[in-house]
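Required output: the full structure, derived from the provided sequences and hints.
These protein sequences, in sequence, are chains A and B. Just so you know, the first sequence maps onto residues 1 to 768 in the working numbering. Just so you know, the second sequence maps onto residues 1 to 161 in the working numbering.
Calculated from the structure, these hints are not laboratory results. Built from N, CA and C at the ideal position, the CB exists for glycine as well. Mixed in with the good hints there might be a few duds.
A short list of chain B residues far from chain A (calculated; beta carbon distances all over 10 Å) [to be verified]:
{"no.": "1", "residue": "Glu18"}
{"no.": "2", "residue": "Arg121"}
{"no.": "3", "residue": "Thr144"}
Derived list of chain A stretches under chain B, where covered just means 3 residues or more per stretch with a C-beta under 8 Å from a C-beta of chain B [claimed, not checked]:
{"no.": "4", "stretch": "85 to 99"}
{"no.": "5", "stretch": "105 to 118"}
{"no.": "6", "stretch": "233 to 244"}
{"no.": "7", "stretch": "247 to 260"}
{"no.": "8", "stretch": "364 to 372"}
{"no.": "9", "stretch": "677 to 684"}
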Amino acid sequence: MFLFEQELPDTSERPTIVNMSRRDFLKRTALAAGSTFVLGAFIGCRSKTEFVPETKIPAQGTMADAAFQPNLLIGISDAGDVFIVCTRSEMGQGIRTGMPPVIADELEASWNRVHVVQADGDPKYGDQNTDGSRSVRKHFDEWRKAGATARAMFVTAAAQTWGVAESECVAENHVVKHMATGRELGYGELAATAATLEVPENPTLKSRDQWRYITKPMRGVDNRDIVTGTAVFGIDAQLPGMLYASVERCPVIGGKVKTYDTKSALAIPGVRQVIPIPAATLPPAFNALGGLAVVAENTWAAFKGREALEVEWHLGPNATHNSEVYRNEMEKSATSPGREIRTVGDVTRAMNEAAKTVEAVYHVPMLAHAPMEPPSALAWVKKDGTCEIWTPSQDPQAVRTTVAETLGVEVEKITVHVTLLGGGFGRKSKPDYVVEAVLISKAVGAPVKVTWTREDEIRFDYFHAPSVQYLQAGLDAQGKTTAWVHRTTFPSISSTFRTNVDHASSGELGLGFTTNPYNIPNMRLENGAAEAHVRIGWLRSVCNIQHGFTLNAFAGELAQAAGRDQKDYLLELIGPPRNLNSLFEGDKGAYGEDLSRHPYETGRLRHVVELAAEKAGWGKDRPKGHALGIAAHFSFVSYVAHVVHASVKDGKVRVHRVDCAVDCGTYVNPDRVKAQMEGSVVFGLTLALHGKITVSSGAVEQSNFHDYPLLRINETPEIHVHIVENQSPPGGVGEPGVPPVAPALTNAILRITGKPIRELPIRLSELS
Amino acid sequence: MSNLLQTVSTFALKVNGEVRTVEASPDMPLLWVLRDLMRLTGTKYGCGIGLCGACTIHLDGEAIRSCSTPISAAVGKEVTTIEGLSIDGTHPLQLAWDELNVSQCGYCQTGQIMTAASWMREKENPTPQAIDGYQSGNLCRCGTYTRIRAAIVRATEIEGR
Ligand code: FES
Ligand code: FES
Numbered sequence: 001m002f003l004f005e006q007e008l009p010d011t012s013e014r015p016t017i018v019n020m021s022r023r024d025f026l027k028r029t030a031l032a033a034g035s036t037f038v039l040g041a042f043i044g045c046r047s048k049t050e051f052v053p054e055t056k057i058p059a060q061g062t063m064a065d066a067a068f069q070p071n072l073l074i075g076i077s078d079a080g081d082v083f084i085v086c087t088r089s090e091m092g093q094g095i096r097t098g099m100p101p102v103i104a105d106e107l108e109a110s111w112n113r114v115h116v117v118q119a120d121g122d123p124k125y126g127d128q129n130t131d132g133s134r135s136v137r138k139h140f141d142e143w144r145k146a147g148a149t150a151r152a153m154f155v156t157a158a159a160q161t162w163g164v165a166e167s168e169c170v171a172e173n174h175v176v177k178h179m180a181t182g183r184e185l186g187y188g189e190l191a192a193t194a195a196t197l198e199v200p201e202n203p204t205l206k207s208r209d210q211w212r213y214i215t216k217p218m219r220g221v222d223n224r225d226i227v228t229g230t231a232v233f234g235i236d237a238q239l240p241g242m243l244y245a246s247v248e249r250c251p252v253i254g255g256k257v258k259t260y261d262t263k264s265a266l267a268i269p270g271v272r273q274v275i276p277i278p279a280a281t282l283p284p285a286f287n288a289l290g291g292l293a294v295v296a297e298n299t300w301a302a303f304k305g306r307e308a309l310e311v312e313w314h315l316g317p318n319a320t321h322n323s324e325v326y327r328n329e330m331e332k333s334a335t336s337p338g339r340e341i342r343t344v345g346d347v348t349r350a351m352n353e354a355a356k357t358v359e360a361v362y363h364v365p366m367l368a369h370a371p372m373e374p375p376s377a378l379a380w381v382k383k384d385g386t387c388e389i390w391t392p393s394q395d396p397q398a399v400r401t402t403v404a405e406t407l408g409v410e411v412e413k414i415t416v417h418v419t420l421l422g423g424g425f426g427r428k429s430k431p432d433y434v435v436e437a438v439l440i441s442k443a444v445g446a447p448v449k450v451t452w453t454r455e456d457e458i459r460f461d462y463f464h465a466p467s468v469q470y471l472q473a474g475l476d477a478q479g480k481t482t483a484w485v486h487r488t489t490f491p492s493i494s495s496t497f498r499t500n501v502d503h504a505s506s507g508e509l510g511l512g513f514t515t516n517p518y519n520i521p522n523m524r525l526e527n528g529a530a531e532a533h534v535r536i537g538w539l540r541s542v543c544n545i546q547h548g549f550t551l552n553a554f555a556g557e558l559a560q561a562a563g564r565d566q567k568d569y570l571l572e573l574i575g576p577p578r579n580l581n582s583l584f585e586g587d588k589g590a591y592g593e594d595l596s597r598h599p600y601e602t603g604r605l606r607h608v609v610e611l612a613a614e615k616a617g618w619g620k621d622r623p624k625g626h627a628l629g630i631a632a633h634f635s636f637v638s639y640v641a642h643v644v645h646a647s648v649k650d651g652k653v654r655v656h657r658v659d660c661a662v663d664c665g666t667y668v669n670p671d672r673v674k675a676q677m678e679g680s681v682v683f684g685l686t687l688a689l690h691g692k693i694t695v696s697s698g699a700v701e702q703s704n705f706h707d708y709p710l711l712r713i714n715e716t717p718e719i720h721v722h723i724v725e726n727q728s729p730p731g732g733v734g735e736p737g738v739p740p741v742a743p744a745l746t747n748a749i750l751r752i753t754g755k756p757i758r759e760l761p762i763r764l765s766e767l768s
Numbered sequence: 001m002s003n004l005l006q007t008v009s010t011f012a013l014k015v016n017g018e019v020r021t022v023e024a025s026p027d028m029p030l031l032w033v034l035r036d037l038m039r040l041t042g043t044k045y046g047c048g049i050g051l052c053g054a055c056t057i058h059l060d061g062e063a064i065r066s067c068s069t070p071i072s073a074a075v076g077k078e079v080t081t082i083e084g085l086s087i088d089g090t091h092p093l094q095l096a097w098d099e100l101n102v103s104q105c106g107y108c109q110t111g112q113i114m115t116a117a118s119w120m121r122e123k124e125n126p127t128p129q130a131i132d133g134y135q136s137g138n139l140c141r142c143g144t145y146t147r148i149r150a151a152i153v154r155a156t157e158i159e160g161r
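This is the structure we're talking about:
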């Protein structure tokens, strides 16, 4: 069961958790022991095999009144219940079964006594923005220390109780033991004493061989709630007396309402009111887009009322924007000299001296996030000036500050409860949809839930930027690449937050472009200009999507030009194992990581290439029309390679199998690492085969899954994930699997048809 | 729009074995009847036009898209939602889904399970083709498809076929 951090309004008998106080719901949970609360624990916990789930022992208290709270993340009651706060948002990446096991491990807590409490948005927890594949990467040591602190205090408490030396005592699986006498005290029994002790500064962390949960496959803490339909996503949040709203927005970003008539809308049974929301000024940032909100007694009435609205819009300056024209402009920009980003050697001379040159222009379209749960938020602006929110947010602190600003009140007045997210992929880092709910709730004086339709989600996304890239390479007589020019052009995410932005930020270029690992003596990297006419945002792996695509697809083309094996050629481009820290200035490397902790090592990239190739049976003969393609990419300080086995028949491509090798350093839950790679393959195939958003006269042309299709099960290959055992600090997992998928597929197609694919999504006409 | 559809009527529906009475326009899709009027939120909205399967429920045992089925079509029939698939969450599919950690975000999974539960009742041994065929109407943006395949096979083992 999903525990919110704060007491929830205790109001009615409705069977959802938002209507129960925590006490109530824990009582009910106790009655339903085993059915809703099975989390599982390890039997034979030191092995890597799947554990046998044990019935969760229901909690008797709450986090708030736990006797011993050594820090913000842990509460232990006299009864021995362990509450662990998950400060990161769960959107399917598995953090609720990632963060708590790390803390529980160092705490030596028994997993069937652990209750996961979802944190509200609050800066006291430090960073909560769940994006950038950084939860474990950034916080692993901090979480271990939190757990180890509590464990050390239990040991001290027991030693003091027995009047023995601490060194004679050991904490193990929820008890402290006195080794000499075999005496034991449980964590519950020790909680009150531990609470009186000083918190140690530097508790000793466990060694790797002592890990109980970390690196073991753990069963998902929300599995049971999900499969029984009791899990609460943002769209499921309810309050007594709440109203439902749906917002009609101007189809063009920057436009606003000219005239409107609400008569027919108000005639729909259940429709209560139509509330104008002021148009957002540009840049759009996290503001509500503005428009007309239809407020009703249920979602359906709100949708119908919206359809019945009569609205005329001032479309504003972006109404002349068209994808076709824009594409040509970007292509012009990509094929003319751009802003110089990095130059190594003498590219012009090397190109002149090359035995052969290859050039290519690549297009990757605009993409929408399409999480299965569209944006939604339940907000309640109360008479006392406070506001309480339930929403599926990746960044609850941004929700809090944005809402406080909107309402003109102190952040302390805003409470943000984080529900489960029905997918995020970067969309739910932006709180524009929450701002809508807040404005409407304030206007109607009741709790209001805003539900975006699928059409809203696709039309009013913060899109992945469309891009055009120019690549040129010079090959010597032996076919070795000696010169490389790469110009990348795409509208920057910065344009969402600032006006007059026409080039990429260095952060965006660091996503696969300036981190190019290829060992080429002459290289020039440039960035072409591009302006934004829609809201641009970050989508799972962000600019690594387009940069990972071109680096690998062009490598495939060069292998072909050189008449060489694709994998061997990729390895030659990557070059010998070496350290690439010199690509960065100062101490900070890729993704803001400390270079001494996360050096950029091509040996690790080579290794995943070799591993994926070996597991896929690279080099074996395949039937006619079949081939393997390979691609590898470094992102979020992890290294991933995919080998795709595809076939082309009658102008149709079929993906049979994907072998994925991932080196993410130390991992917590290998089952979730695998799941993220599986999901990344599906995500990557969707963008390779289907995804494309276009704009005509400023308005997005696609609207639902018929014209923005996602990969379906019958198109899904077998997926085999191979995790590299590596004790380096943890790298990212949620995103790095995505970038190499599309190029591994196009590289396979290249080997079958001999024709390079330079535009996504892959068009059937290119396969004949 | 006809006046008829603008009129709210009283409907008595049998949902998960229990008769429940609601006031709704006859064109209100079962999805919103279940979610907003009956507070059964396990059935999800994903597209509203029959393309994603997130809203799948059973009408007289058969899987249907509740987003595209008006309340008037359910009168006199048995409606089953994920909340009523089993009394205690121990349908073989629910157990298999848990065991194999199928869910990522979990949002699509109630629909996936309801789809599978309906066709598996008749299918003796689910072949890979059958699984892909029957489940192809259910989208999962998180990409859990390979585990859905495995869990359906596992469910038949749990069922002791
Ligand atoms: S919501 Fe019914 S099929 Fe998508
Ligand atoms: S598990 Fe997230 S959409 Fe399927």
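Quick rundown of the hints versus the structure:
no.: 1; hint: Glu18; result: holds (12 Å)
no.: 2; hint: Arg121; result: holds (18 Å)
no.: 3; hint: Thr144; result: violated (7 Å)
no.: 4; hint: 85 to 99; result: holds (count 5)
no.: 5; hint: 105 to 118; result: violated (count 0)
no.: 6; hint: 233 to 244; result: holds (count 5)
no.: 7; hint: 247 to 260; result: violated (count 0)
no.: 8; hint: 364 to 372; result: holds (count 3)
no.: 9; hint: 677 to 684; result: holds (count 6)
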